[in-house]
Amino acid sequence: MARQSTLLEFLNASKRAKRAAGAGGSSPKGTRDTSRKEGGENREKRGEDRNLLEMLLSELNKKRVSAIIEDKAQKEGRDAAEVEERKPEQKRLEIHESVAREVSVEARVEGDETSKSGVEDGAAQDGKEEAKPVILGKHVFRPTRVSDKPLVKRPKRVLNTRGYILGVYYDGEEGKAYTKIVDENGEVVVVYDVYGHKPYFLTDLPPDKVRSIREIITHPSFDHLETVERMDLLLWRKVTMTKIVVKDPNAVRVLREKVPKAWEANIKYHHNYIYDLQLIPGMPYIVEAGKYKLAYKTGEEEAKKVYEIFADEDEETRRLAVDWIPLFEAPPPKPRMLALDIEVYTPFKGRIPDSNKAAYPVISVAFASNDGLRKVMILARPGLRFGEPTANYPADAEIEIFDSEVALILETIRLINNYEVVITFNGDNFDFPYLHNRAVKLGIPKSILPFRHTRDYISLHYGFHVDLYKLFSIKALQSYAFGSAYKEFTLDAISEALLGEHKIPVETSISDLTASELAAYNFRDAMLTLKLLTFNNYLVWKLVILLMRISKLPLEDVTRSQVSAWIRNLFYWEHRRRGLLIPRKEDLRLLKGEQKSAAVIKGRKYAGAIVLDAPAGVFFNVVVLDFASLYPSIIKKWNLSYETVNPEHCPGGKLVEVPDVGHRVCMSVRGITAQIVGLLRDFRVRVYKKKAKDKSLSEEERHWYDVVQAAMKVYINASYGVFGAENFPLYAPSVAESVTAIGRYTIKQTVRKAADLGLKVLYGDTDSLFLWAPSEDKLQELQRFVEENFGLELEVDKVYRFVAFSGRKKNYIGVYPDGKVEVKGVVAKKRNAPMFLKKAFGEVLELLGQASTPEEFLVVKKKIRDKLHEVYKRLKEKDFMLDELAIHMALTKPVNEYANIPPHVRAAIQLMQAGVHVMPGDVIVFVKVRSKDKVKAIQLAKLHEVDTDEYIKTVRTAFEQVLGAIGMSWDDIVGSTKLEAFFARRF
Numbered sequence: 001m002a003r004q005s006t007l008l009e010f011l012n013a014s015k016r017a018k019r020a021a022g023a024g025g026s027s028p029k030g031t032r033d034t035s036r037k038e039g040g041e042n043r044e045k046r047g048e049d050r051n052l053l054e055m056l057l058s059e060l061n062k063k064r065v066s067a068i069i070e071d072k073a074q075k076e077g078r079d080a081a082e083v084e085e086r087k088p089e090q091k092r093l094e095i096h097e098s099v100a101r102e103v104s105v106e107a108r109v110e111g112d113e114t115s116k117s118g119v120e121d122g123a124a125q126d127g128k129e130e131a132k133p134v135i136l137g138k139h140v141f142r143p144t145r146v147s148d149k150p151l152v153k154r155p156k157r158v159l160n161t162r163g164y165i166l167g168v169y170y171d172g173e174e175g176k177a178y179t180k181i182v183d184e185n186g187e188v189v190v191v192y193d194v195y196g197h198k199p200y201f202l203t204d205l206p207p208d209k210v211r212s213i214r215e216i217i218t219h220p221s222f223d224h225l226e227t228v229e230r231m232d233l234l235l236w237r238k239v240t241m242t243k244i245v246v247k248d249p250n251a252v253r254v255l256r257e258k259v260p261k262a263w264e265a266n267i268k269y270h271h272n273y274i275y276d277l278q279l280i281p282g283m284p285y286i287v288e289a290g291k292y293k294l295a296y297k298t299g300e301e302e303a304k305k306v307y308e309i310f311a312d313e314d315e316e317t318r319r320l321a322v323d324w325i326p327l328f329e330a331p332p333p334k335p336r337m338l339a340l341d342i343e344v345y346t347p348f349k350g351r352i353p354d355s356n357k358a359a360y361p362v363i364s365v366a367f368a369s370n371d372g373l374r375k376v377m378i379l380a381r382p383g384l385r386f387g388e389p390t391a392n393y394p395a396d397a398e399i400e401i402f403d404s405e406v407a408l409i410l411e412t413i414r415l416i417n418n419y420e421v422v423i424t425f426n427g428d429n430f431d432f433p434y435l436h437n438r439a440v441k442l443g444i445p446k447s448i449l450p451f452r453h454t455r456d457y458i459s460l461h462y463g464f465h466v467d468l469y470k471l472f473s474i475k476a477l478q479s480y481a482f483g484s485a486y487k488e489f490t491l492d493a494i495s496e497a498l499l500g501e502h503k504i505p506v507e508t509s510i511s512d513l514t515a516s517e518l519a520a521y522n523f524r525d526a527m528l529t530l531k532l533l534t535f536n537n538y539l540v541w542k543l544v545i546l547l548m549r550i551s552k553l554p555l556e557d558v559t560r561s562q563v564s565a566w567i568r569n570l571f572y573w574e575h576r577r578r579g580l581l582i583p584r585k586e587d588l589r590l591l592k593g594e595q596k597s598a599a600v601i602k603g604r605k606y607a608g609a610i611v612l613d614a615p616a617g618v619f620f621n622v623v624v625l626d627f628a629s630l631y632p633s634i635i636k637k638w639n640l641s642y643e644t645v646n647p648e649h650c651p652g653g654k655l656v657e658v659p660d661v662g663h664r665v666c667m668s669v670r671g672i673t674a675q676i677v678g679l680l681r682d683f684r685v686r687v688y689k690k691k692a693k694d695k696s697l698s699e700e701e702r703h704w705y706d707v708v709q710a711a712m713k714v715y716i717n718a719s720y721g722v723f724g725a726e727n728f729p730l731y732a733p734s735v736a737e738s739v740t741a742i743g744r745y746t747i748k749q750t751v752r753k754a755a756d757l758g759l760k761v762l763y764g765d766t767d768s769l770f771l772w773a774p775s776e777d778k779l780q781e782l783q784r785f786v787e788e789n790f791g792l793e794l795e796v797d798k799v800y801r802f803v804a805f806s807g808r809k810k811n812y813i814g815v816y817p818d819g820k821v822e823v824k825g826v827v828a829k830k831r832n833a834p835m836f837l838k839k840a841f842g843e844v845l846e847l848l849g850q851a852s853t854p855e856e857f858l859v860v861k862k863k864i865r866d867k868l869h870e871v872y873k874r875l876k877e878k879d880f881m882l883d884e885l886a887i888h889m890a891l892t893k894p895v896n897e898y899a900n901i902p903p904h905v906r907a908a909i910q911l912m913q914a915g916v917h918v919m920p921g922d923v924i925v926f927v928k929v930r931s932k933d934k935v936k937a938i939q940l941a942k943l944h945e946v947d948t949d950e951y952i953k954t955v956r957t958a959f960e961q962v963l964g965a966i967g968m969s970w971d972d973i974v975g976s977t978k979l980e981a982f983f984a985r986r987f
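Taking UniProt numbering, I'd label the letters of the sequence shown as residues 1 to 987.
Note that these hints are calculated values from the structure, not bench results. Using N, Cα and C, we set each Cβ at its ideal position, and we do this for glycine too. Mixed in with the good hints there might be a few duds.
[Said to hold, decoys possible] Calculated lysine-lysine pairs in the DSSO-like style (CA-CA distance at most 27 Å, straight line):
| hint | residue 1 | residue 2 |
| --- | --- | --- |
| 1 | K176 | K243 |
| 2 | K820 | K713 |
| 3 | K798 | K691 |
| 4 | K247 | K176 |
| 5 | K878 | K867 |
| 6 | K824 | K713 |
| 7 | K209 | K247 |
[Stated by the list, open to error] Here are the simulated distance ranges between beta carbons:
| hint | residue 1 | residue 2 | range |
| --- | --- | --- | --- |
| 8 | H649 | P260 | 21 to 31 Å |
| 9 | G842 | D694 | 12 to 22 Å |
| 10 | G483 | Q939 | 39 to 49 Å |
| 11 | K258 | Q939 | 42 to 52 Å |
| 12 | G849 | R578 | 49 to 59 Å |
Take the sequences, apply the hints, and build the full model.
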């Protein structure tokens, strides 16, 4: 067995690794120092293999150690480092005793002078003589005082401040809403409501009728009644409503059931507060005596330019454009950000510990911040070895070793409370609930924990929590902001797509890693998490701020909501600003539910987009044209909105009919949907796409404006999908049907014009057309036709070297001029696919990218046949390792809770029967075998048991569509193999 490094050897090696990294070299291994003695006794016995905890205790004469921190003070420049390289190794290390002595002592709480519970912040050392350094040979260990940063920190409560509103919440104990602001000093402060705002909902019952409903008037939370006037766009007239005001938001859910009809009764209270005060989260504010005033105002010159740009719009739209300018021009906030990632001991490889039970210790926490913090805190435990620093070892990070899990968690709390924004990846579901429950299990009082639990996510008492798993799972961002660059919502997949970086792969359980391997693995995750929010000059952070401003949603809401919630919130905010009654979903269905087209797709209520029949074959030099923002453009041009389509009354009386479906649209008044969607589209096209490319602006300004236009793109491209979704509260079937009908009409007319021009249209899908080798002049003529007749832009979206169509709709392979391959509608690499299949699929796509001419394509076809022939043959001969054939699937719940028994659950049952403990979160690895269960856990399987026929079926399913697109069939693969077998038998 190879001897493990001692602690000091590890740190010496770390120092040399840092120097090598600075010079572009690799990290050398450390050498053993056998000269060190303590108390005249040689503690280093050559060949002795000791674990980390034993080593720590013996090195310091069994003193309690909570952390060992490398001191970087010796490094004062390149020259000093070179001199040091020639000297005997010297290291100054800091050792401090456990952060937590007793958890019963009062804590010092910053920001909230009334809080008196928790853990003392370093006070245990008061009155004691400072510990003296311990000298061990050439190395100096000196105890340090605990950090002077507060362990417990709460935002300061103020009435006057200046800063960015990033959060809006409700305090149930005080019965008030409050805003959470990052002030100009970088501190988080809170401003509680001074307006006397209370929860409420509306009814059309007059006040005397409401007073007669005893269940409302006698309810403990009932406050009072008010009479208000609203404009009802469904009826095109003003209506008088009764406002039922209550003391508690929960009472709204109860009392709304006591009236026949309730309006605005399904809105979260903190959102209602934003609407009524017309707050814009993400914007800078000046707060005086608790009253809010925007810190950024549109100047006269800016307003004049906006009026010129939107000269063709009505006065109301131009005024709205001026009001929106600050949203896009005010600079974003720049808070300090901390990314963290935790690792938890687990006795089984692949198991994700249950965050609710928190049964196992937190063995490592890594931190990376935008102000330079790089730290990994590791728990010293029996059996932990240091190992040698690996190539991935974080040479620029502090590595702290704790002998106390309580101390490690308390120091984690301290760091969390020291930053305004804390970033995690899946922190809502794992990191934060695990830390919280583990802390409670260890006896740490809840009162000092930084976590604030809500129904939907975990927030923080002091700062703000951004969970990137939730953020990058938002489909509109995935599709429109990041171009579907990632297919899986994992840290590794997203990092690979956006950063070109990966997690560190591990072949064993996290619990079995050495300290150096654990530090590297944990720190990489924390760094990737930080980079995903800050890469490319804080692109994603800026995007989030703009989405907050447009949607009027707070930071912790917008990063956890799908685009439908963003658009709903924007429209509700606008309704409140204009004094409009927010319509009930039931009324929209009743008045706007008429449909006049039949759905082609099962489950749809009306006819959707047009998809032209695709040919079968390979076509070189294919140009894809895209109708820029087709549906948003249609919404604006045709004035489509829930109140303008089939209106009860049309002020001005100007009505037009929608082609194919016959719905009538009122064109004499501006629809709210058409106005907002159209204005976002025009701002993007007329202003910010141009500013993003304006060379007269600084690079930082161009970058900001590029993010602005990207945020607008997300909104406008997602707008139709939202308004056409049945679960959207402003969904009106007649509006959605009108949009798709006009879209189909536009595409058909364009295809006819293309044919008249002699252009060959190969395929069309929703808002795009595939043209085969079009001439430049004919292409431009088609673009002019679309602009003049439909007011739409027809842009060149993609150019393919060649496209292989299978003959099926939405199913083709396109190869770009640079060899990159795009696959649509083909069964590609699935997350749970066996390793051999993923590898084969990648190799086939790589081969496709090599063909530049029809002649080369024929050669590539033969190579693909040979490649799949080889895979087929190896499967038949069982020439794969079990690991290559293995399928990985996680248990999402206890085995006994599965109604059906899918393959991975059958494999889990087999493990249980073999005495292996399995639980939710475990990744079950299995192979397909010839048996009653048809699968077997890989730990129990033998290669001869593998069902090769099942794997061949899997390969056929994965590649059949690819083969069809390039003019081949599965029989071409199998047939050649059978022919070889025939000749092998004959000769």
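Structure-based check of all given hints:
Annotation: proposed proximity of K176 to K243 holds, straight-line Cα distance about 19 Å (limit 27 Å). Restraint check: the Cα-Cα separation between K820 and K713 comes to about 25 Å, which is no more than 27 Å; the hinted pair holds. Between the alpha carbons of K798 and K691 the distance comes to roughly 24 Å, so the proposed pair stays at or under 27 Å and holds. For the hint linking K247 to K176, the alpha-carbon distance of about 9 Å falls within 27 Å, and the restraint holds.
The straight-line distance between the Cα atoms of K878 and K867 is roughly 16 Å, inside the 27 Å bound, and the hint therefore holds. Between K824 and K713 the CA atoms are separated by roughly 22 Å; this keeps the pair inside 27 Å, and the hint holds. Between K209 and K247 the CA atoms are separated by roughly 21 Å; this keeps the pair inside 27 Å, and the hint holds. Between H649 and P260 the C-beta distance comes to about 24 Å, which sits within the given range of 21 to 31 Å.
Between G842 and D694 the beta carbons are some 41 Å apart, a value that contradicts the proposed interval 12 to 22 Å. Range check, G483 to Q939: about 41 Å between beta-carbon atoms, so the 39 to 49 Å window is met. Distance hint check: the CB atoms of K258 and Q939 are about 60 Å apart, inconsistent with the given range 42 to 52 Å. Between G849 and R578 the CB atoms are about 53 Å apart, so this pair conforms to the stated range of 49 to 59 Å.
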